[in-house]
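Engineer: Listed below are the residues making up each chain.
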Amino acid sequence: MNNDEVLMDPKDQIISLLKEADLYQNQGLLNEAKERFKKATDIIKNSPDIKNGQALIASIVKKVVDLNQKINQINQATSKPTVSDNKQNLIKKLFAGGDEKGDFTSALEGAIALAKFGQFDRAMKEFEQLLDVEAVRVAAAKNIVRCHIETEALEAAALCFEKWAGDDRFSIPQLDKIRFFLEGRFRKLGFERELYQREETISDEDMETLEMESASAETPQTSRDVAPSHDPEPVLEEMELPEEDEFLDINSVGIQLPSGPLKGRMVEFDVSFQTGNSINLIIASKESALLNELSKGTKLTDMQFFSPIAILNGSGVVTAKTQIKSGPKEGDYSLDITILTT
Amino acid sequence: MATFNFKKREIECKIVYYGPGRCGKTTNLEYIFKTYKKQIAGEMVSIDTEGDRTLFFDFLPMGLGKIKGCDVKVQLYTVPGQVQYSSTRKLVLKEVDGLVFVADSLEVRREKNMLSLKDLHENLKSYGTSIFKVPLVMQYNKRDLEEEGIPLMSIERMDQDLNRQLKAPHFSASAIKGQGVPQTIMECLKRTLLNLQKQLKWAK
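Chains as they are written, first to last, in this note's numbering: chain A, 558 to 899; chain B, -19 to 184.
Chain B extracted, bound-state conformation (with noise of 0.2 Å):
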């Protein structure tokens, strides 16, 4: 849950990279760091294993400098992806203010995509909140394989499997390359602070 120090002028929001285990949310986390020095408040951390994989989670402090005359600030936060640390995504996730699912475009990882996005679902009702109202951007990643003639989903499908109800905004990526990356964040960004806008609002 973001918080709000009116004393400092200060909002602290929370953003989440879930997906299933090897689609590139750290990836994506890596290339934020590399690329956003200047807004980058801190060192990235990331808890993982030898074989990195995410253990824990990787976390990413950032700036955005002032809007309307607050500092706001951001957390991003990944979680592991893989199907035995699925009591760790639930921890990572409480409190979340907006969230990024990164679906793997391998069409061999079709079903663990939707298996991902349903343990999103779920850990979020966990918590009496819905998938609808958290602000939600999804990134289909790795679509530079297509050109090593590996199949992959269409985009199409992806969104067929996992956007028809959410109809979240959606953009193609190759986190590797950083492509998509800085476009994902960024709506993701400005979706989360139009709702704790809302909220502030509600709040006053």
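In isolation and in its complexed conformation, chain A is listed as follows (with noise of 0.2 Å):
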């Protein structure tokens, strides 16, 4: 409490913190609005003298209960549902880019746009059209995947892929490059799934062929023999922004704490999200020997970077370090890391 409220009397007190409470819960902001309430309260509580005071604190409490249903259902509601096809069609139109691009690059890029909105069923029919055109089919392909895995049906992306092995659409190479994509998913997310591999088939005339070659020719080698080759894939193929610095998309990392009753020991964490250089993860509240381990400033030597395609050592930095006031995972903590060296 400030020093005027400490010199105002009672009733003015909670005549102003109830105006508050009102005029906040008509800006929407409800959690001030239900602090003031319980201000309020408080001072009705110790204040013998008011008048009706069991009332008006029946009176608050009702209000407090609605705002609690209100908070509720803005906390569960789903941060990107579904929108009108006009509205899909405005988000393709404004986030896909300029005219300048062919017309295959701008139908990726305002599918990605609608799937990076969370209007995944109209991009993942944006991206089937799509997988009939070779210069887009892998990305197109990819991406579909990554719908189903947004959407947490993972058997369905896995479905997605082994229908694809059995389409002449898509040659091996192409194949090999989605399922380690999808892969590296299911490995992030603990899925255990064997995806089917088609096999490089060899007809009966083609193995006359080869008979009659001269003994020093290859021959051909599996899709399994070899790692999915590393042609440059169109820029837009994942739904993240590209980045400039072309920085590992990283999963996970595991942090050797500096010191501490946990120093040594190497603790893995999931990255949240990643923006070039820069991972965020969270910290559950009740992990307080990490917590106190990590503060902004605190440099972290020993660093292991776990993606899809290489587990990598490095070092990097905590830049912040903030409380989450909000929201499903309120209470916890929201911690930012630069990575220095890799």
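Errors might be hidden in some of the hints.
What the hints assert, rightly or not - Partial selection, computed: residues in chain A whose CB lies under 10 Å from chain B:
hint, residue
1, 589
2, 637
3, 747
4, 749
5, 815
6, 883
These aren't lab readings, by the way, just hints derived from the structure by calculation.
Only a predicted model underlies this, so the values are computations on that prediction, with no experimental measurement involved.
Even glycine gets a Cβ: it sits at the ideal position worked out from N, Cα and C.
Mind docking these for me? Both chains are given alone in their own frames, and the hints should help you get the complex.
Structural biologist: Written as structure tokens, this is what we have:
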């Protein structure tokens, strides 16, 4: 309480707080309104002179119950619900880049924009149409499975891939790239699922041709023996925005704690999101031993970065640590780490 | 990023209204839509929730007429302010040409203002740009609530919290009453177009 509140008559304080609470509620500042109602209730409880104090508290309690319902509704609402076709068309138009790009690139960007705004059903339809286009087929396919993963339909993602494995449009190298991508995602999510692999087959006619070739001719290797090539993919294949620094997609990190009771112990965290060389982790509030050792400015000299294609060692520094004030992770801590070296 | 169509002699740029949840970004656009009908090039589109919180963005296209023989078009956007819509804010912010940061003058929203500005700074950084390089105007909104005895931060305090390093022009406002809204957008447009003019000269 500030000095003005201390000097004010309790009745005036209550009136002022209730006025504020009503205004905050009208403004949609529900947590702030709730906090003011609580303060008013505390003053009433501590002021036996207030007439009809109990009735007033009962009335405030009812308002707080309503507020809690609204707050829960907001917190539980999905952050990316499906919107109308017209609004989806607008999203495509506004966020799919300029006219100077080719049709298929624009179409891919449009579908990616829809997916980024959570319009997965529409996005998948658009990606499906792009599977017919050689230049963007792999990008479209990866984004389809990504849409399934985002909607937690992991088995659907696997089934999708297996359907393509039997689809002549897809070459073995293309399937390998998609499989590699999908397996990496499944590994990160702890989803154990073997994916069907199409074997390269050789027709009888080709067999005869092979036998006639010289003994020094190399036989084709199967896809299992060959790691996917690192030919450059279309920039927009990933739903994430293209990063200029080409940083690896990091799924999780291992941090060796520099001090405290857990010193020397390697602890692994999932990465919530990544932008370039900056990653964000969420640490539960109950992990006080960890939280005490990880503060803004803490240098982490021994880190491991787990990506789908490699595990790298490196170092980083904690650049921010903030407590989450609302939402499902309320009370937990958000930690930003900048990667210094890998 | 602004688009220059030399064939059609058209310049199109993007201005984003940023700020914490419930600070008045959408109210700003609604006032502009209502007041400047002649300049509005289409409908205002709001993708919002049933509770009237902006879910994805608001969008308002405007035409400013000809400047040096070129048709100048502006797209105004707002972002959703709530913490959980971080990824959407980042999407809307892509290739922005000018910014209006709408700060909530309520004392109880002080921390939210600062977190939102930090969020803006980080999102711009992720695009390889700096908050110091994008034309920016600060708006300190809800000043009308002072008359109702609601605790507000002083302009000096808000400037100290949010504008000490940026030193952007700032305007007091009551978006719901339309006060300060035209001045804010005019200053932002002026700075954005001057910046584009510089870029155009470099491009030549």
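Engineer: Of all the hints numbered above, which does this structure not satisfy? Sort the numbers upward.
Structural biologist: Hint check: 3, 4, 5 fail, others pass.
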